[in-house]
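A.B. asks: The primary structure of each chain is shown beneath.
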Amino acid sequence: MNELSMEVRIQGQNRRALIMKNPVMTASGTFGFGKEYAAFYDLNKLGAIAVKGITLEPREGNPPPRIIETPSGILNSIGLQNPGIEGFVRNELPFLRTFNTPVIVNISGNTIAEYALLAEKLDTVEGVSALEINVSCPNVKEGCLAFGINKESLFNVVKKTRENTTLPLIVKLSPNVTDIVEMAETAEQAGADAISLVNTFLGTAIDIYKKKPIFANIVGGLSGPAIKPIALRMVWEVYEKVNIPIIGMGGITDWKDAVEFILAGASALAVGTANFINPNTPLEIIDGIQSYMAAEGFKNIEEMTGYAHPPA
Amino acid sequence: MHIDTSATVISNKKIIPEHYKMEIYSPQTASSAKPGQFIHIKTSRTTSPLLRRPISIYMRDKKRGIISILYKTVGTGTSLLTEYKPEDTIDIMGPLGNGFPLGDEQNRIALAGGGVGIAPLVFLALEASQLKKQVIFIQGAQCKTTLIETRELKDAGCIVETATDDGSAGFHGFPTELLKKYLEKERIDTVYSCGPTPMLKTIKKISLENKIQTYISLEQKMGCGIGACLGCACRVLVNESQGSTYKRVCADGPIFPAEVVVFDE
Ligand SMILES: Cc1cc2nc3c(=O)[nH]c(=O)nc-3n(C[C@H](O)[C@H](O)[C@H](O)COP(=O)(O)OP(=O)(O)OC[C@H]3O[C@@H](n4cnc5c(N)ncnc54)[C@H](O)[C@@H]3O)c2cc1C
Ligand SMILES: Cc1cc2nc3c(=O)[nH]c(=O)nc-3n(C[C@H](O)[C@H](O)[C@H](O)COP(=O)(O)O)c2cc1C
Ligand code: FES
Chain A
8 MNELSMEVRI QGQNRRALIM KNPVMTASGT FGFGKEYAAF YDLNKLGAIA VKGITLEPRE
68 GNPPPRIIET PSGILNSIGL QNPGIEGFVR NELPFLRTFN TPVIVNISGN TIAEYALLAE
128 KLDTVEGVSA LEINVSCPNV KEGCLAFGIN KESLFNVVKK TRENTTLPLI VKLSPNVTDI
188 VEMAETAEQA GADAISLVNT FLGTAIDIYK KKPIFANIVG GLSGPAIKPI ALRMVWEVYE
248 KVNIPIIGMG GITDWKDAVE FILAGASALA VGTANFINPN TPLEIIDGIQ SYMAAEGFKN
308 IEEMTGYAHP PA
Chain B
158 MHIDTSATVI SNKKIIPEHY KMEIYSPQTA SSAKPGQFIH IKTSRTTSPL LRRPISIYMR
218 DKKRGIISIL YKTVGTGTSL LTEYKPEDTI DIMGPLGNGF PLGDEQNRIA LAGGGVGIAP
278 LVFLALEASQ LKKQVIFIQG AQCKTTLIET RELKDAGCIV ETATDDGSAG FHGFPTELLK
338 KYLEKERIDT VYSCGPTPML KTIKKISLEN KIQTYISLEQ KMGCGIGACL GCACRVLVNE
398 SQGSTYKRVC ADGPIFPAEV VVFDE
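Quick note, the sequences are listed as chains A and B, same order.
Numbered by the working numbering, the letters in the first sequence go through residues 8 to 319 in order.
Numbered by the working numbering, the letters in the second sequence go through residues 158 to 422 in order.
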């Protein structure tokens with residue numbers, strides 16, 4: 008048993024690294040800033056915590072309704088409600104610092120300059136272990152299409168953010184693209200240290216009596232078990248072509264889902280929507296992976312990562 | 158707040174058309190529950206429906222470790238609840254939310270509930286009576302057949318009034334009209350209300366006109382139910398200078414002072 012290690016390392020620059028005691032983290036936007044879930048279990052047990060998406064200025068978010076349930080999934084249109092970087096560092100980070108669990112700050116901007124500024128401001132903040140850039144936000148300067156759906160804007164936003172931080176830099180890709188592999192390769196070339204796959208899939212729902220979309224914003228992001236097979240396929244494809252580590256997510260609900268993602272090529276994984284249904288999901292997954300490793304003779308996560316792919 | 162995956166159903170009975178009362182054995186929930194709080198129920202063992210459903214605590218029996226809920230079948234989740242049988246386990250999270258503020262003065266309070274919205278008010282009325290408050294409980298329903306039996310309240314010394322939309326029982330009209338009549342003829346210190354949104358809007362108006370402290374229980378579609386996902390936003394006034402902001406119905410509410418709630422978005 009002694010030899011079994013669940014540790015995962017994501018290397019940044021200047022010898023900075025994200026070191027996780029196990030591969031299980033919580034997905035941005037589904038875990039607030041940790042406080043609520045601390046009432047259920049000891050946050051020290053988690054591999055890492057990705058906090059709610061942060062912007063330069065506070066944002067009040069979209070009008071309700073913000074959540075619509077769909078078959079085995081949910082659509083959300085929260086609208087990035089967050090206290091802004093200052094509010095986050097002042098009011099939320101001190102609590103998270105009391106745990107021995109790395110904090111990944113998920114950042115969003117309207118322009119490339121905003122991403123760069125966020126990266127610069129967070130680079131030396133105590134208690135921040137990595138940055139995760141959310142490229143699913145609209146690029147306000149260039150037609151409001153998400154940064155993550157165009158190779159060129161993706162390259163530019165990752166490169167500029169890279170230039171402004173030595174923290175391990177994770178790029179969270181939007182799955183709303185024709186070729187996810189191309190996007191992952193672009194992120195790698197622009198200097199990403201890891202890739203998270205996937206953010207939510209765009210969807211919508213109509214109120215059949217009011218005869219109009221339920222969300223004020225018309226569209227929302229689909230998450231939960233409904234998206235798992237697609238997310239898993241994307242991890243599989245990206246693993247074949249990209250060398251940096253992949254953090255897999257999308258509908259992970261139990262340890263078996265998690266193992267599938269690791270075997271498909273993920274070095275770590277995030278639990279999102281499943282937290283809403285069972286707050287203890289991340290812990291149950293950690294235990295489940297550990298038992299699986301012991302039973303199947305895996306000694307570490309690296310050995311398991313991508314194991315389902317045919318040998319090169 | 159805790160998760161009780163092994164709470165047990167004691168009984169689950171239809172009391173009037175489309176309305177059920179379920180008793181659940183969950184000592185931890187029963188001992189810490191406050192009126193106005195809710196439990197978040199996993200109605201299905203599968204991913205359909207995926208999310209939990211928020212349901213108010215209707216009554217509780219600390220000694221026996223039992224809470225009850227009163228629910229109306231409106232869709233998939235609430236229909237699945239009707240299938241639970243005594244001794245089945247049920248996965249609940251709670252108690253959640255802030256609950257009604259209830260000072261310990263021996264004063265007079267009026268509670269106005271519409272439809273299944275009377276659920277949290279029954280719990281409130283029973284607790285308030287124990288604190289020796291004089292409780293006026295106004296139940297509104299569409300008609301006689303959808304009135305919910307409130308013997309417990311009468312036994313506890315509450316003044317119980319009913320209003321039906323069609324006049325088939327009690328006062329002919331909305332519970333809000335009956336509340337207004339009460340406020341005209343006697344001193345009431347605080348008003349509490351839960352019910353459909355149009356009713357809550359009227360309650361807010363009455364509260365402002367009469368300058369009377371009023372608390373209302375809001376509803377919103379919920380994700381986590383514990384304050385983490387920001388899915389259950391409602392607009393609330395902060396103060397004159399700061400204007401309004403979004404608050405979480407699940408964690409900052411579901412109970413809010415009526416005067417701060419901004420309706421109509
Ligand atoms: C704090 C709180 C406390 C509550 N307490 C109680 C309580 O004590 N008792 C109680 O009975 N309820 C209570 N509720 C309400 C209860 O949570 C809901 O009734 C329940 O979640 C409905 O779940 P469902 O799966 O049965 O309905 P769903 O299947 O989710 O559907 C709900 C309604 O939406 C309609 N709908 C769905 N899709 C569309 C569409 N595309 N266009 C138009 N309409 C659509 C359905 O027809 C249905 O009428 C409370 C809610 C909150 C927030
Ligand atoms: C309510 C909600 C809010 C989210 N907010 C963010 C966010 O702020 N930033 C981000 O990068 N992803 C956000 N996501 C996406 C999740 O982090 C995750 O990528 C996605 O939900 C897929 O995982 P899941 O199916 O396990 O939930 C959000 C998801 C949900 C459901
Ligand atoms: S339901 Fe998640 S914050 Fe209220």
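Keep in mind that the hints are not guaranteed to be accurate.
With a straight-line Cα cutoff of 30 Å, these simulated DSBU-like cross-link-like pairs (lysine-lysine) come out [to be verified]: (1) Lys42(A) to Lys337(B); (2) Lys378(B) to Lys229(B); (3) Lys358(B) to Lys217(A); (4) Lys248(A) to Lys235(A); (5) Lys358(B) to Lys218(A); (6) Lys217(A) to Lys220(B); (7) Lys217(A) to Lys404(B); (8) Lys199(B) to Lys52(A); (9) Lys404(B) to Lys368(B); (10) Lys42(A) to Lys170(B); (11) Lys191(B) to Lys170(B); (12) Lys311(B) to Lys337(B); (13) Lys229(B) to Lys218(A); (14) Lys217(A) to Lys361(B); (15) Lys235(A) to Lys378(B); (16) Lys358(B) to Lys42(A); (17) Lys337(B) to Lys219(A); (18) Lys242(B) to Lys219(A); (19) Lys218(A) to Lys404(B); (20) Lys219(B) to Lys263(A); (21) Lys128(A) to Lys378(B); (22) Lys219(A) to Lys361(B); (23) Lys217(A) to Lys242(B); (24) Lys219(A) to Lys219(B); (25) Lys170(B) to Lys219(A); (26) Lys242(B) to Lys289(B); (27) Lys378(B) to Lys218(A); (28) Lys342(B) to Lys217(A); (29) Lys242(B) to Lys219(B); (30) Lys378(B) to Lys361(B); (31) Lys358(B) to Lys337(B); (32) Lys220(B) to Lys199(B); (33) Lys229(B) to Lys217(A); (34) Lys42(A) to Lys378(B); (35) Lys301(B) to Lys42(A); (36) Lys235(A) to Lys170(B).
FYI, nobody ran anything at the bench for these hints, they're computed from the structure.
A.B. asks: Against the 30 Å threshold, does the CA-CA distance of Lys358(B) and Lys42(A) hold or violate the hint?
C.D. replies: 33 Å, violated
A.B. asks: Are the Cα atoms of Lys42(A) and Lys170(B) separated by 30 Å or less?
C.D. replies: 38 Å, violated
A.B. asks: Could you grab the alpha-carbon distance between Lys301(B) and Lys42(A) and see if it respects the 30 Å cut-off?
C.D. replies: Violated. Lys301(B) to Lys42(A) sits at ~46 Å, over the 30 Å cutoff.
A.B. asks: Going straight from one Cα to the other, do Lys248(A) and Lys235(A) come out at no more than 30 Å?
C.D. replies: Between Lys248(A) and Lys235(A) the Cα gap is close to 21 Å, so the pair holds against 30 Å.
A.B. asks: For a C-alpha distance cap of 30 Å, please report whether Lys229(B) and Lys217(A) respect it.
C.D. replies: 23 Å, holds
A.B. asks: Taking only the CA atoms, is the gap from Lys217(A) to Lys242(B) under or equal to 30 Å?
C.D. replies: 37 Å, violated
A.B. asks: CA of Lys358(B) to CA of Lys337(B), is that 30 Å or under?
C.D. replies: 14 Å, holds
A.B. asks: Holds or violated: are the alpha carbons of Lys311(B) and Lys337(B) at most 30 Å from each other?
C.D. replies: 22 Å, holds
A.B. asks: Quick one, are Lys217(A) and Lys220(B) close enough, alpha carbons at most 30 Å?
C.D. replies: Violated: Lys217(A) and Lys220(B) sit about 47 Å apart, past 30 Å.
A.B. asks: Taking 30 Å as the top limit, are the C-alpha atoms of Lys217(A) and Lys361(B) close enough?
C.D. replies: 25 Å, holds
A.B. asks: Given the hint that Lys42(A) pairs with Lys337(B), test it: the Cα-Cα distance must not exceed 30 Å.
C.D. replies: 42 Å, violated
A.B. asks: Measure nothing beyond the straight line between the CA atoms of Lys235(A) and Lys170(B); if it is 30 Å or shorter, mark the hint as holding.
C.D. replies: Distance ~38 Å between Lys235(A) and Lys170(B) Cα, so the pair is violated.
Consistency note: the structure conflicts with the earlier hints numbered 1, 6, 10, 16, 17, 18, 20, 21, 23, 24, 25, 26, 28, 35, 36.
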